[in-house]
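Enquirer: Take a look at the letters that make up each chain.
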Amino acid sequence: MKSLEELKKIREDAIKKVKMRKDSGSIRIVVGMATCGIAAGARPVLMTLLEEINKRNISDVTVTQTGCIGFCELEPIVEVYKPGEEKVTYVHMNPEKAKKIIVDHIVNDKVVTEYSIGSVKK
Amino acid sequence: MDFYRSHVLICRGTGCTSSSSDKIESKLQEKLIEKGLDKEVKVVRTGCFGLCEAGPIVVVYPEGAFYSHVKVEDVEDIVEEHLLKGRILKRLLYKGAIDEEKIKSINEVSFYKKQKRVALRNCGIINPEEINEYIAVDGYMALGKVLTEMTPEETINVVKDSGLRGRGGGGFPTGLKWEFAHKAEGKPKYVLCNADEGDPGAFMDRSILEGDPHSLIEAMAIAGYAVGAEQGYVYIRAEYPIAVKRLQIAIDQAKEKGLLGKDIFGTGFNFDLEIRLGAGAFVCGEETALIASIEGERGMPRNKPPFPANKGLWGKPSLINNVETYANIPVIFLNGVDWFKSIGTEKSAGTKVFALGGKINNTGLVEIPMGTTLREIIYDIGGGIPNGKAFKAAQTGGPSGGCISAEYLDTPIDYDSLTALGSMMGSGGMIVMDEDNCMVDIARFFLDFTVEESCGKCPPCRIGTKRMLEILEKITHGEGEMEDIDNLERLAKNIKVSALCGLGQTAPNPVLSTLKYFRNEYEAHVLDRRCPAGNCKSLLSYYIKEDECKGCTLCSQVCPSNAISGERKKPHVIDKEKCIKCGACIEKCPFGAIARK
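If you read the protein sequences in the order shown, they are chains D and A.
Every letter in the first sequence is one number past the one before it in numbering that gives the first Met the number 0, and letter 61, counting from 1, is 60.
Every letter in the second sequence is one number past the one before it in numbering that gives the first Met the number 0, and letter 145, counting from 1, is 144.
Worth flagging that the hints you see were computed from the coordinates, not collected in a lab.
A couple of the hints might just be wrong.
Mimicking DSSO-like on lysine-lysine, the simulated pairs with C-alpha atoms at most 30 Å apart in a straight line are [stated by the list, open to error]:
1) D:K8 / A:K254
2) D:K7 / A:K144
3) A:K113 / A:K159
Next up, chain D with everything else stripped away, as it sits in the complex (with noise of 0.2 Å):
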């Protein structure tokens, strides 16, 4: 080590991996993971919405996985909770649709409307 400033780096990268045992993000993306929703394709959007929010460096978003939602024909689907707002329940995802709303939804803070439950419904 010769320096403070290559101490705060490894510290930098090193605080990522620990993070989600520190405090749980403000916004929680939750992603339903029971067999329907394994059997319609969840596991790839659930690891692209973590690779995306490693990528961007996302900080306060934690992404858990919860049972069946109830609507299995509509899976998967992917539940977005930012404190104080409404929930925002997404269906049919598929990975595509997974980055679109890291970024509209997560980072620039628009509600992905046309993959949202109240469309598809419709």
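Dock chain A against chain D, hints included.
Expert: Positioned in the frame of chain D, the structure of chain A alone reads:
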């Protein structure tokens, strides 16, 4: 990819490991690979979570699901249900003794709510075998700050101003100790860590070494800079194999990263650290004996002064603190003196770790701000006394400490209030006793330990404690006379002032404190030939209540010495000559017809 969606933390402290948490860990790894989850779910080996009673403990993040009493057979469910399907396993969630409903997250467990984890801040959170995890929680930042921004004098002043006192025994101001070593003449100087921890029932130092060894390394390097030492030794007992192994791994990693060794942070400061194994003699926790042991001599204490700060290892100035004291150091530099002083009481800043044991629901490690009352520790954190029994006393400070009786439950715990009660902080063992514990027998138990562990150098300790033990044995066997109690008290007071080292001087504490608070129990043994707690075997006898015995013969079937006889469907009798007082019959009798008095 090294970004995981879930972290599974498994306690690998000594307690949980001995309940097969090592097998749980390997089974989990195996299952994750089988299910193709090993790239998504990270298994993290940690140190002690504190709640040893509930072990083995497994915590799953990000939910913070706190699973207790986990068995190897449960791994399959954890993987299938929780990790694959995201369903929290309700049946495995920890159920606190004082919580009515099942608890979900580790942060909601009442055991942790009144605690303030400073020395244990990283235990159960990071993997002690990965230096980067320690760096992620600001590890080595304090060392960096001290080396690049502060002079040794400024460093010492921070420790002085913080009000930190030694967590191993009498509570000597740590900053003052650092200053003495800094000012002492002579070179080279040494920084030593006392990790001998020999008190029955105390294991906080072991847990810190197992769960967060880097904080000790960082603190010792800071101390080295402050006092002007380039070499440190950690004296640790060989009976702590997991702690020794993790500390060695941590030292190797720190060396590899250049956080130990030459020219740390490019400041020109050199510091190296080595482990010295002790054979596990209680007296080697005494600093002068510890130093003798490192030098290769027999571990025996010597007179002070000269103090180790002036004449320590190989006659050179040496700074010596214990593990818990050091563990507080980095965080004081990170969060500041004011933060540290805001915790605890005016004269005892910060927190203290206690190892809760004995008759208490939540046995384990707890860290509380100084000034917390005994009642809060025992009832709010410890979950109270099992089986609805009444609290009788708490023994603090191990064999060197004393017993505190129920009337002092609301005393705020700090160095001075404990000393005022005739006990001491000591290392922080806290053994809880209920109405079934005989206080004379407790004193006998601790004396038995001291006699075994006395190094024999000075007569008051070698001979005096042995005589005290003999008197205590006589009393518990029901052969005591009133003058024995007087002799015992006189002996105890004499040894306290005449023994050579701290061990001998404090050895009479269990006797003196039980005499002070529970003298009536001593008198009952002597005058009435009776043990009020129903504990001392020689004074008990078993008998069958004729009216309640239905003659079911269950008792005679379990009696190992054939002492019970009688006809079927008629009251039985116990032959007192044959009875070995094992109590098997009481447990078996469905009618409560057998009693002891």
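Enquirer: Next, verify each hint and record whether it holds.
Expert: Here is what the structure says about each hint:
1. A hinted pair counts as satisfied when its Cα atoms are at most 30 Å apart, and K8 of chain D with K254 of chain A qualifies at roughly 18 Å.
2. With a C-alpha separation of about 12 Å, the suggested pair K7 of chain D and K144 of chain A falls inside the 30 Å cut-off, and the hint holds.
3. For the given pair, K113 of chain A sits about 27 Å from K159 of chain A by alpha-carbon distance, which is consistent with the 30 Å threshold.
Figure legend: structure checked against the earlier numbered hints; every hint is met.
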